[in-house]
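Residue numbers (the working numbering), protein chains in the order written: chain A, 1 to 422; chain B, 1 to 302.
It is worth saying that the hints were derived from the structure and are not from the lab.
Keep in mind that the hints are not guaranteed to be accurate.
From chain B, some residues computed to sit far from chain A (all C-beta separations above 10 Å) [claimed, not checked]:
| id | residue |
| --- | --- |
| 1 | Ile53 |
| 2 | Glu99 |
| 3 | Phe159 |
| 4 | Gly213 |
When the alpha-carbon atoms are kept at most 30 Å apart in a straight line, the in silico DSSO-like pairs for lysine-lysine are as follows [unchecked claim]:
| id | chain 1 | residue 1 | chain 2 | residue 2 |
| --- | --- | --- | --- | --- |
| 5 | B | Lys171 | B | Lys219 |
| 6 | B | Lys221 | B | Lys171 |
| 7 | A | Lys3 | B | Lys104 |
| 8 | A | Lys120 | A | Lys74 |
| 9 | B | Lys104 | A | Lys19 |
| 10 | A | Lys3 | B | Lys16 |
| 11 | A | Lys17 | B | Lys221 |
| 12 | A | Lys53 | B | Lys69 |
| 13 | B | Lys221 | A | Lys3 |
| 14 | B | Lys65 | A | Lys19 |
| 15 | B | Lys16 | A | Lys411 |
| 16 | B | Lys65 | B | Lys128 |
| 17 | A | Lys120 | A | Lys131 |
| 18 | B | Lys219 | A | Lys19 |
| 19 | B | Lys171 | A | Lys17 |
| 20 | A | Lys3 | B | Lys89 |
| 21 | B | Lys72 | A | Lys3 |
| 22 | A | Lys3 | B | Lys219 |
| 23 | B | Lys127 | A | Lys395 |
| 24 | A | Lys395 | B | Lys65 |
| 25 | A | Lys19 | A | Lys53 |
| 26 | B | Lys16 | B | Lys87 |
| 27 | A | Lys19 | B | Lys221 |
| 28 | B | Lys89 | B | Lys128 |
| 29 | B | Lys128 | B | Lys87 |
| 30 | A | Lys19 | B | Lys87 |
| 31 | B | Lys219 | A | Lys17 |
| 32 | A | Lys17 | B | Lys16 |
C-beta atoms are modelled at their ideal positions from N, C-alpha and C, and glycine is treated no differently.
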Amino acid sequence: MNKLGTVIRFTYGSQIKRKSFLISTLVFALIISLLANLPSIIEMFNSDKGPDKVGYVAGDQAVLEHMQSYYTSKPEAEIEIVPVSSEEEARRLVEEKEIKGYLLASGETNVNGVPSFQYKSQDTMPTIIGKLSDGLQFANQTIARQGIGLTDDQISKLFAPVALEPVQINNAATDGDGGKTESEVMLAYILVYVLLFMLYIGVIGYGNTVATEITAEKSSRVMELLVSSVSPLTQMFGKIIGICLLGLTQIALFLAVGAANIALMGDAEFFSELNLNLSEIDPMLIVYFLIFYLLGYFIYATVFAAAGSLVSRTEEVAQVIMPVTLLIVVVFFIAFYGLQNPNAPIIVTLSYVPFFSPMLMFLRIGMSDPAVWEIWLSILLSVAGTYAMGWLAAKIYRTGVLMYGKLPSFKELRKAMKAYDM
Amino acid sequence: MQELRLERVTKQYGEKTAVNGISFTAHPGEIFGLIGANGAGKTTTMRMVLGLIYPDGGEILYGGKTYSKELKGRFGYLPEERGLYPKVKVSDQIIYLAELRGMKRSAADRALKDWLERFGVSEYYSKKVEELSKGNQQKIQFIAAVIHNPDYLILDEAFSGLDPVNVELLKSMIASLRDEGKTILFSSHRMEHVEELCQNVCILDRSNAVLQGSLRDIKAKFPKERVTLATERPMEGLERVPGVLSVTAHANGYDLRIDSEAAAQRVLKAAMETNTVTRFELKEPSLNDIFIKTIGGNRSHE
Numbered sequence: 001m002n003k004l005g006t007v008i009r010f011t012y013g014s015q016i017k018r019k020s021f022l023i024s025t026l027v028f029a030l031i032i033s034l035l036a037n038l039p040s041i042i043e044m045f046n047s048d049k050g051p052d053k054v055g056y057v058a059g060d061q062a063v064l065e066h067m068q069s070y071y072t073s074k075p076e077a078e079i080e081i082v083p084v085s086s087e088e089e090a091r092r093l094v095e096e097k098e099i100k101g102y103l104l105a106s107g108e109t110n111v112n113g114v115p116s117f118q119y120k121s122q123d124t125m126p127t128i129i130g131k132l133s134d135g136l137q138f139a140n141q142t143i144a145r146q147g148i149g150l151t152d153d154q155i156s157k158l159f160a161p162v163a164l165e166p167v168q169i170n171n172a173a174t175d176g177d178g179g180k181t182e183s184e185v186m187l188a189y190i191l192v193y194v195l196l197f198m199l200y201i202g203v204i205g206y207g208n209t210v211a212t213e214i215t216a217e218k219s220s221r222v223m224e225l226l227v228s229s230v231s232p233l234t235q236m237f238g239k240i241i242g243i244c245l246l247g248l249t250q251i252a253l254f255l256a257v258g259a260a261n262i263a264l265m266g267d268a269e270f271f272s273e274l275n276l277n278l279s280e281i282d283p284m285l286i287v288y289f290l291i292f293y294l295l296g297y298f299i300y301a302t303v304f305a306a307a308g309s310l311v312s313r314t315e316e317v318a319q320v321i322m323p324v325t326l327l328i329v330v331v332f333f334i335a336f337y338g339l340q341n342p343n344a345p346i347i348v349t350l351s352y353v354p355f356f357s358p359m360l361m362f363l364r365i366g367m368s369d370p371a372v373w374e375i376w377l378s379i380l381l382s383v384a385g386t387y388a389m390g391w392l393a394a395k396i397y398r399t400g401v402l403m404y405g406k407l408p409s410f411k412e413l414r415k416a417m418k419a420y421d422m
Numbered sequence: 001m002q003e004l005r006l007e008r009v010t011k012q013y014g015e016k017t018a019v020n021g022i023s024f025t026a027h028p029g030e031i032f033g034l035i036g037a038n039g040a041g042k043t044t045t046m047r048m049v050l051g052l053i054y055p056d057g058g059e060i061l062y063g064g065k066t067y068s069k070e071l072k073g074r075f076g077y078l079p080e081e082r083g084l085y086p087k088v089k090v091s092d093q094i095i096y097l098a099e100l101r102g103m104k105r106s107a108a109d110r111a112l113k114d115w116l117e118r119f120g121v122s123e124y125y126s127k128k129v130e131e132l133s134k135g136n137q138q139k140i141q142f143i144a145a146v147i148h149n150p151d152y153l154i155l156d157e158a159f160s161g162l163d164p165v166n167v168e169l170l171k172s173m174i175a176s177l178r179d180e181g182k183t184i185l186f187s188s189h190r191m192e193h194v195e196e197l198c199q200n201v202c203i204l205d206r207s208n209a210v211l212q213g214s215l216r217d218i219k220a221k222f223p224k225e226r227v228t229l230a231t232e233r234p235m236e237g238l239e240r241v242p243g244v245l246s247v248t249a250h251a252n253g254y255d256l257r258i259d260s261e262a263a264a265q266r267v268l269k270a271a272m273e274t275n276t277v278t279r280f281e282l283k284e285p286s287l288n289d290i291f292i293k294t295i296g297g298n299r300s301h302e
């Protein structure tokens, strides 16, 4: 079938030379670089600022001192408590950005005589609140301790640290020596998260391209020439495969950009801080990603192709591919739920259903530990679904490409489909 | 042996009959004219010949054999609605289309350069189609139809949108393809083109073949009803000659419509009696007249 090769090569070649393709690739590469360097960029903005200053409107001196000593005792001072004479003064300082916000004691006190506080600032959702609460807690405990009169020894016993490390239980049958470590789970989470996004963007983006390309060929009437020289089936699959290769090229490029960034910018520190070890990535996960990416792409692309063949003008494409896009969005949201609950019954069930399986089974592989037969059953069902969808899409395509004018009704379409052999 | 034969070909779209039992044969080395008003079934007939849609009844035979996929590479098609990729270079897409018809890449490239040279537009090789004028896109479209040296050439409204110079250019190319022995199916609204190129025609009217055969036979069937007359001095009273239906004065003479050939003699006589005749011609009907008469006549019966 060298005609299939010809269609693939032409589709790939003419797409990759497009200006829009070059620009979008460049923009995406820039965004990836930006994201990869985000930790260091944030760091850069933060470094010269020093600790956040928080005002403490005149009140209980003991609490003030304990809080100050709490923050200064930390290796890296995150907060500096500054005494302020009055609330008016504090407001003025906030206006002038001298302080981030201020603590205001109210009348009520707890059993230790420590007053309740309000934190007033211009932020909608102050992120500092947790740290302030830690400081207040410390002041409260210190005051309480002094009240009870505990010895240092007793105190250290009370506050002796207890370790708690989450470990995921594996399918006992597959391997006995313990499940994924925290680093592994974390890594899998991030990887699955990123790859799910790629699957989603890839399927929607390149699926759209398939539909638009086909409609464009119809509206420019080049379709009549094509259909008269090559079988519609060859043409449709040539188009789908060509754009698939285009997508893989782009994804490979993005991955390369991402990897180069991580290697160059010394983000390794950032990863080790997050307790991640890149060498722990399971290579099988990448293999499965490729498998499920292709399955997902092909099953949706055939539907996109069929949809694109039904309309004659590119303006109408959005209208017909809307339902397909919506389906992908729904699957994507289910996948997000699954990210937290990979073993929920709905996720497990849907991971066998074509259209759902590419994202959901991949998610289960990444986040949980399905048996090998489960994975292959899902792949098999998905392949079968793609085949059935491809057959139906080809029928619709064969009929649709020579229909011009208004969108055909189901009845008209079914009737017309019977009139053609493949 | 590559004649194209249609036998009682029928195509139905739902309730509507698009083509109703058409039969004709186009021989190699011949340009067969398919004439008809818009919606008469020309394009449907051509699509059936190309195998894009299948007839509901009847048979289409290519050199005696029925349609098969292998034939795809032997068709050249110039669709009525022009279709090329606007944003793709001429060379890329023509070579692509030629490859789809079974040509080798290198051979297609050579043939394309050849054809561009014949049209005198070699510089379009690496231009995008959207950068070309409509007439020049038309040339590229024609090259797309003939580049792979097809046996059957189907030209739907080949000359629409071309200026007179380019019409002549294309006409001579079509004629030379005919002389190479290709079987050409040709449709047009412009009767003078058909008259010039085709030996045999088929006139379609609302899905039916209403008139067909060789152009000479068809013309012989219709009476000569037009006279061209030129005299030294202006003529008056021509419309009073019995049998004259109408008189149109031109800068160089008169066009008359008459009801019978006998009336022509009366006109000549009247002119000679009062004037000096510099030119007199009893014209055979043009295809245009025949077409309008046939189709208009059919309409008025309803």
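Here's how the hints hold up against the structure:
no.	hint	verdict
1	Ile53	7 Å, violated
2	Glu99	5 Å, violated
3	Phe159	18 Å, holds
4	Gly213	29 Å, holds
5	B:Lys171 / B:Lys219	23 Å, holds
6	B:Lys221 / B:Lys171	28 Å, holds
7	A:Lys3 / B:Lys104	11 Å, holds
8	A:Lys120 / A:Lys74	24 Å, holds
9	B:Lys104 / A:Lys19	29 Å, holds
10	A:Lys3 / B:Lys16	36 Å, violated
11	A:Lys17 / B:Lys221	60 Å, violated
12	A:Lys53 / B:Lys69	81 Å, violated
13	B:Lys221 / A:Lys3	50 Å, violated
14	B:Lys65 / A:Lys19	47 Å, violated
15	B:Lys16 / A:Lys411	16 Å, holds
16	B:Lys65 / B:Lys128	40 Å, violated
17	A:Lys120 / A:Lys131	15 Å, holds
18	B:Lys219 / A:Lys19	57 Å, violated
19	B:Lys171 / A:Lys17	36 Å, violated
20	A:Lys3 / B:Lys89	20 Å, holds
21	B:Lys72 / A:Lys3	12 Å, holds
22	A:Lys3 / B:Lys219	47 Å, violated
23	B:Lys127 / A:Lys395	36 Å, violated
24	A:Lys395 / B:Lys65	27 Å, holds
25	A:Lys19 / A:Lys53	50 Å, violated
26	B:Lys16 / B:Lys87	38 Å, violated
27	A:Lys19 / B:Lys221	61 Å, violated
28	B:Lys89 / B:Lys128	4 Å, holds
29	B:Lys128 / B:Lys87	6 Å, holds
30	A:Lys19 / B:Lys87	10 Å, holds
31	B:Lys219 / A:Lys17	56 Å, violated
32	A:Lys17 / B:Lys16	45 Å, violated
Checked against the numbered hints given earlier, this structure breaks hints 1, 2, 10, 11, 12, 13, 14, 16, 18, 19, 22, 23, 25, 26, 27, 31 and 32; the rest are met.
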